[in-house]
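Q: If you're matching them up, the sequences are chains Z and V in order. FYI, in our numbering the residues of the first sequence are 30 to 260. FYI, in our numbering the residues of the second sequence are 316 to 630.
Keep in mind that the hints were calculated from the coordinates and are not lab data. Idealized CB from N, CA, C, for every residue including glycine. Hints may contain errors.
For lysine-lysine, the following DSS-like pairs were computed, each having C-alpha atoms within a straight-line distance of at most 30 Å [unchecked claim]: (1) Z:Lys185 to Z:Lys216; (2) Z:Lys137 to Z:Lys125; (3) V:Lys625 to Z:Lys66; (4) V:Lys415 to V:Lys383; (5) Z:Lys102 to V:Lys620; (6) V:Lys625 to Z:Lys102; (7) Z:Lys108 to Z:Lys137; (8) V:Lys415 to Z:Lys66.
Listing some non-contacts, in silico: residues in chain Z with all C-beta distances to chain V over 12 Å [claimed, not checked]: (9) Ala117; (10) Ser145; (11) Leu146; (12) Asp155; (13) Glu156; (14) Ala193; (15) Pro195; (16) Ala230; (17) Ser247; (18) Glu250; (19) Gln255; (20) Gln256; (21) Lys257.
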Amino acid sequence: MQYHLEMIGYDAILIRFTDADNAQLLPVIYTLNQQLKNAADLDTVIIDIIPSYQTLLVSFNILTIEPHLLVDKLHAYIKQVLISQTQASNHTLPAKVELLTLPVCYHKSLSPDLESLSLHTSLPIDEIINIHCSTIYSCYAIGFMPNFAYLGDVDKRIQIPRHAKPQTQVAAGSVGIADNQTAIYPKESPGGWQIIGQSPASLDKFSVGCQVKFTPISLNEFNHYQQKDDA
Amino acid sequence: MTTTSAFEVIKPGIHSLIQDLGRFGYQHLGITPGGPADLHAYLWANKLLSNSSNMASIEIHYGLMNLKVLVDTRIAICGAEFGVMINNKPAFNWQTHHVKAGDMIQYGGAKTGKCGYLAILGGLQTENNHQSRSTVIRDALSQMTSTPLYAGQCLPIAIQYAKTSTAQSQPEQTVPRHYIPNYATPLTLGLLPCYQWQSLTPKQQQQLLTTRYQISSQANRMGYQLTGNMIADLPTELASEGIALGSVQLPANGLPIILLQDRQTIGGYPKAGVISALDCGKLSQRQQGVDITFRLDNPLISRYKMCALKRFFEF
């Protein structure tokens, strides 16, 4: 697997993997992120790590290390992770990766774009829900806003591009689809994803590399969740 | 820690926030660092009071803030020139001031610059959320850390900093003239080429480095959108990647956006490089319409300057 390191300004290094698809890269990025986070020798060095699809951006304290020494250390960590991944024969996530099961209510009062997705895909709504809930998604990146997790891959049969013009207000908890990705808006926000339901779950458990499964709930169950939260 | 209210907000001003050095270690969750828009002025305000560099201060954008002082203590005023008055008497910028319970601190509009800092002895003790008191509106981590100052709000400090006899006996401290910047001049930003710089054509690189841009009306703590010659045929959007402070993003319309403290943590638009944290601060003090140009800068020199700053201000 090819990668290179690149200085970003004077206080960050971007680790970029170049020759693998996102699904292959995820276990590498996940493992590398964990190792760097827990590296005792980098404890006073690393300020932030932002893992994403093909990259990790590592920002560091310029008073505690010379950049070229950090580059050497990062090379060593990456090589070690790549070797262990190759030995794992196929690129799989470590067994301890968390699977989050999140309830989603697909009731029409909470899913403004589900009907147009049905028209777009020529699939009945029940079938769309069934497909959306039968995939185990991986979290490839978190961003846009706190705890907004980019989950993939959405089954080809229910993919749809985002709205050409973003909606000015998407409700908190809204579950959206944009092409091959699905995500939940942690809070009310403008947004362009096609909204097919709403989750009452708290969304502070995501991490890059975690796995996510949706399970359908009724409007009654949804309201019950909300009341529990309000209590 | 026992706290006491040090200020009552009479008028919040146009946009006044709480800032410490920022919220670090949470960008993997999409939580932006925030922190002072102008690091230089922020650090001096704390330094004048012998505060540690991470103590929370008020960051005042555009001015027009009025505070009532509730305790005897010391403050420092740095940054943009707002013609601050204490009890209707001019209070000099870039220095400390003794204040007493009942005093009124009044900010005018920004004469030069855009944002100023009011630091207080011992720092403000507002809510600490994810290890920072910085206000980041768009992250909505909590009510307190996502809301600008509002009328009637009381701002707490640790009780030992109210009415200390040592505070009263200290002479006023002033920033040496040499370190007081002029925010009214056009600005050349030092570009440290990285990210997708190599994917730009020589012509596009040249265009970025030779165009005289202006600051648009879209300029705030998230980013500064520039106007000027549009760069055509830019590389298309790529897989989202981590965005460093000062990233010079080139969206499809070909007009650079410089991403600042309240930026998104990841994004997929091509980026020509980054500018230094100090240049971000200088940019944040420039108002709409000011001329901005780029020149290539040397990361070694930027790092050296930043190391010197970190050592001097101890952070």
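Q: Take a quick look at whether lysine 625 of chain V and lysine 102 of chain Z sit within 30 Å of each other, Cα to Cα.
A: holds, 24 Å
Q: Classify the label on serine 145 of chain Z as holds or violated, using whether its beta-carbon is more than 12 Å from each beta-carbon of chain V.
A: Nearest chain V Cβ is 24 Å from serine 145 of chain Z, so the label holds.
Q: Using Cβ atoms and 12 Å as the threshold, tell me whether serine 247 of chain Z really stays out of contact range of chain V.
A: holds, 29 Å
Q: Does lysine 216 of chain Z lie within 30 Å of lysine 185 of chain Z when you go C-alpha to C-alpha?
A: holds, 27 Å
Q: Holds or violated: is the Cβ of alanine 193 of chain Z farther than 12 Å from all Cβ atoms of chain V?
A: holds, 14 Å
Q: Please settle this one: lysine 257 of chain Z was flagged as non-interface, so is its CB more than 12 Å from every CB on chain V?
A: Non-interface label stands for lysine 257 of chain Z: nearest chain V Cβ at 21 Å, farther than 12 Å.
Q: Does lysine 137 of chain Z sit within 30 Å of lysine 108 of chain Z, going by the straight-line distance between their CA atoms?
A: With Cα atoms ~50 Å apart, lysine 108 of chain Z and lysine 137 of chain Z exceed 30 Å; violated.
Q: Compute the least Cβ-Cβ separation between alanine 230 of chain Z and chain V, then decide whether it is above 12 Å.
A: Holds, since 16 Å exceeds 12 Å.
Q: Since glutamine 255 of chain Z was said not to touch the interface, does its Cβ keep a gap of more than 12 Å from each Cβ of chain V?
A: Answer for glutamine 255 of chain Z: holds, closest chain V Cβ roughly 19 Å.
Q: So leucine 146 of chain Z supposedly isn't at the interface. Is its beta-carbon more than 12 Å from every beta-carbon in chain V?
A: Check passes; 23 Å lies beyond 12 Å.
Q: Is it correct that the beta-carbon of glutamate 156 of chain Z has no partner in chain V closer than or equal to 12 Å?
A: holds, 30 Å
Q: Is the hinted pair lysine 137 of chain Z and lysine 125 of chain Z satisfied, with a Cα-Cα distance of at most 30 Å?
A: violated, 36 Å
Hints 2, 7 and 8 from the list above are not met by this structure, while the remaining hints are.
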